[in-house]
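So the chains spell out like this:
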Amino acid sequence: MKRQIPLIIIITLGFMFVAHSFIPHKISVDFFDWFQDWAKAISPFAVSLGIMSLFMVHGTKIKRKVPNWQYSVVTLAGLVFTAFAGFVWGTQSGTPYMWLFENVQMPMSATMFALLAFYIASAAYKAFRARSAEATVLLVAAIIVMLGQVPLGAMISKWIPETSTWILNVPNLAAKRAIMIGVGLGITATSLKILLGIERTYLGGGD
Amino acid sequence: MNKNVIKFFDKIQNIDRRYIYLVVAFSIIIPLLIPFNSPTYVTKPTEDIYKKIDSFAGDENKAILMSFTHDASTMPELFPMEVSVLRHCFERNIKVFTICWLPAAAPLVDYAINTAKEDFDVQSGVDYCNFGYKPWAIQLPIMLGMGDDIAKAVETDSQGRKVENLEIMKNIKNYDDMNLVIDFAASSSSITWITYARARFGANIAAGVTAVMVADNYPYLQTGQLMGMLRGLKGAAEYEKLVDVFAAYESEDYPNGRPFSNEIIKETRVPITGDTVPYKYKKARIGMNAQSVAHIMMIFFILLGNIGYFITKKKEI
Amino acid sequence: MFETISNFVAAFLTLSIFSFLYKDNPFYKFAEALLVGISMGYAIPLVYENVFMPYVYTPIFLNHKFIIIIPALLGSLYMLRFSKNLGWLSRYPIVFGMSIVGMSIPLSIHSSVLVQMRSAMLPIDGINSALIFIGTVTILLYFFFSKAHKGIYGKVTNVGIWFMMIGFGASFGYTVMARVSLLIGRIQFLLGDWLGLIK
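In the order they appear, the protein sequences are chains A, B and C.
Under our numbering, residues 1 to 207 are what the first sequence spells out, in order.
Under our numbering, residues 1001 to 1317 are what the second sequence spells out, in order.
Under our numbering, residues 2001 to 2199 are what the third sequence spells out, in order.
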């Protein structure tokens, strides 16, 4: 009941999907339509996982008054207030809910990633060293590609963007293709393991 | 070697990282404050997308789908692409659909549409339609369902209207009609489209990706599984230029834009200083000026770091 | 006026996050905590309006498709995930959604393996296609660990390493580009939308 039935569901439905890939029969189409309707009806509830986990983590921090617990209050207050604003004043443009998104959520999430430009510059200066022949090749390829992408590179010499395009189209292509074939086989193997009930970590712990 | 030189490199090897941060900031601030005209070279992966979209111009039986698979964090690279593609569609009377898979992407779709439609007489449900936010968990059922019947798979648009009743859906049934999907993403999500929509239904897939993802996508580009790719801010700048040079071109001979031509691209320089082009349509090209300076600075850092490394290493020996 | 205040709030929060570059501080911590909360809070009404209403409420209450009650109940089992005794029930909606991996078996082997292999085995008509072929094969051999990388085999796999290094170099170059682009976006906001210095 706890493990066997979920496994039976995934194995049965999984193999029906394998068959669906090959058989364009009406039964197969009806099966997919049924799955679509059910999957859509199940999907909104998945968001509850995120909400509950956030409340549990931050609720515990507040309850135990761990160092910096005040910031957990900010997180939960932000969550409750934004959701409240959406339900009470609506989610259309010009509402407090959208104001929060435009002026709070959006600039902060964009800035978080912008920080990485500083770190990568610092890493380029302090850690990117031509310690071996292989590292030198990596470094030279990186420099050519960097120059090849900007107008200044083409202004220095037309060979720079041309060499950059060659690097991407030939050695880079070969490298990424070989890795991709490996990954593709890995995905297929993992999917098969899930379907055959060998891979079960997604079921979580317990019996 | 001169002792002072060694001492200098010793010192700058251990420089506080915050000075590096300052240099990074200025290398971007200065070129943004003082804009200058620099050439934008258009590459084939961008050209291919432009030509494909342009081939649908004025065709009632064709449409494109723009899939937004990113949040605000990668907006600087992807937003100018999205605005340019929408502007192209609105200029050339091409039906365009939008869909997104992350809650945080939903308002970005609206921003992109609102930014581009200001200058055009287009109507939601007639010229374009935003399918709105659909959760990640049902991406595959919808992606596969659209191969059979788009209206059935998507059901409602972002305004809650039944998609099947919308005027734009006339003659648009599945991927045979919605013949190009462009996935704008900061991840490898275009591979999902390739795996499901292309492998099963033969849909044309293109990608608008952040620069991080570019190198990984080349194998798909070579096989044609990706028919084109907009690559980071440079891809956005290239598309901005193509729309300016062809789709937004106005003259007596070409009142609705002119056809694509490699000769014209080579000859044309669109100035980004001045008011010829509105700021929103040249944001990526202005950004590319700063990108040039920042790349030179990065290369300078790499070289300086390595010179310092070899000099101090020699000293130790 | 309202726009000025809005831009000021956005700029203040942007600078709060940038302040981390100097060192960790309460402004950064506050902004980070707020971001997590608002991101989650933002998703709730959106999911309710765009997913729950059209896919659960409308079919059941307006179209009277009562069969949809079953998947709705199945979905609500997600909420038991953190329960000690009933947590196992949340496996039902999880496996239902995951079963679609069945389709990925034929389709991903087609798109990521077969098509790629076919393109790697095209007739060699020039130096570039020869290089692509050699690169792909030597890297695949490099990842074959059942044979020790020694002697001639070791030399062949070494060629693969060189190809990979060039590939990683290209990725690094593009990564630098991406990070810089994102910073450009934020500085365009601060200088343009907030301070009005770029037009």
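Please note that the accuracy of each hint is not assured.
Quick list of in silico lysine-lysine cross-link-like pairs, DSSO-like style, CA-CA up to 30 Å [as the list claims (entries may be wrong)]:
#	chain 1	residue 1	chain 2	residue 2
1	B	1003	A	158
2	B	1052	A	126
3	B	1007	C	2023
4	A	26	B	1062
5	B	1051	B	1315
6	B	1173	C	2065
7	B	1007	A	26
8	B	1280	B	1266
9	A	126	B	1011
10	C	2023	A	61
11	A	193	C	2029
Label pairs and their calculated CB-CB ranges [claimed, not checked]:
#	chain 1	residue 1	chain 2	residue 2	range
12	B	1017	A	131	39 to 45 Å
13	A	77	B	1271	45 to 51 Å
14	A	89	B	1224	46 to 52 Å
15	A	59	C	2060	47 to 53 Å
Hints were generated in silico from the structure; no laboratory data involved.
Model, not experiment: these values are computed from the prediction.
Where is the CB? At the ideal position from N, CA and C, for every residue including glycine.
Comparing the hints with the structure gives:
1. B/1003 <-> A/158: At roughly 40 Å apart (the allowed maximum being 30 Å), residue 158 of chain A and residue 1003 of chain B break the hint.
2. B/1052 <-> A/126: Given pair residue 1052 of chain B, residue 126 of chain A is violated - Cα atoms ~45 Å apart, limit 30 Å.
3. B/1007 <-> C/2023: Within the cut-off at roughly 28 Å; holds.
4. A/26 <-> B/1062: Holds. Residue 26 of chain A to residue 1062 of chain B sits at ~27 Å (cutoff 30 Å).
5. B/1051 <-> B/1315: Not satisfied, since the Cα-Cα distance of roughly 58 Å exceeds 30 Å.
6. B/1173 <-> C/2065: Holds, because 25 Å separates the two Cα atoms, which is no more than 30 Å.
7. B/1007 <-> A/26: 79 Å, violated
8. B/1280 <-> B/1266: The hint holds at about 24 Å.
9. A/126 <-> B/1011: This hinted pair holds, its Cα atoms lying about 13 Å apart.
10. C/2023 <-> A/61: 24 Å, holds
11. A/193 <-> C/2029: Violated - the C-alpha atoms of residue 2029 of chain C and residue 193 of chain A are around 42 Å apart, more than 30 Å.
12. B/1017 <-> A/131: 39 to 45 Å: 21 Å, violated
13. A/77 <-> B/1271: 45 to 51 Å: Given range 45 to 51 Å: holds, Cβ gap about 49 Å.
14. A/89 <-> B/1224: 46 to 52 Å: With a Cβ separation near 49 Å, residue 89 of chain A and residue 1224 of chain B satisfy 46 to 52 Å, so the hint holds.
15. A/59 <-> C/2060: 47 to 53 Å: Once the Cβ atoms are compared, 32 Å apart, the range 47 to 53 Å for residue 2060 of chain C and residue 59 of chain A is violated.
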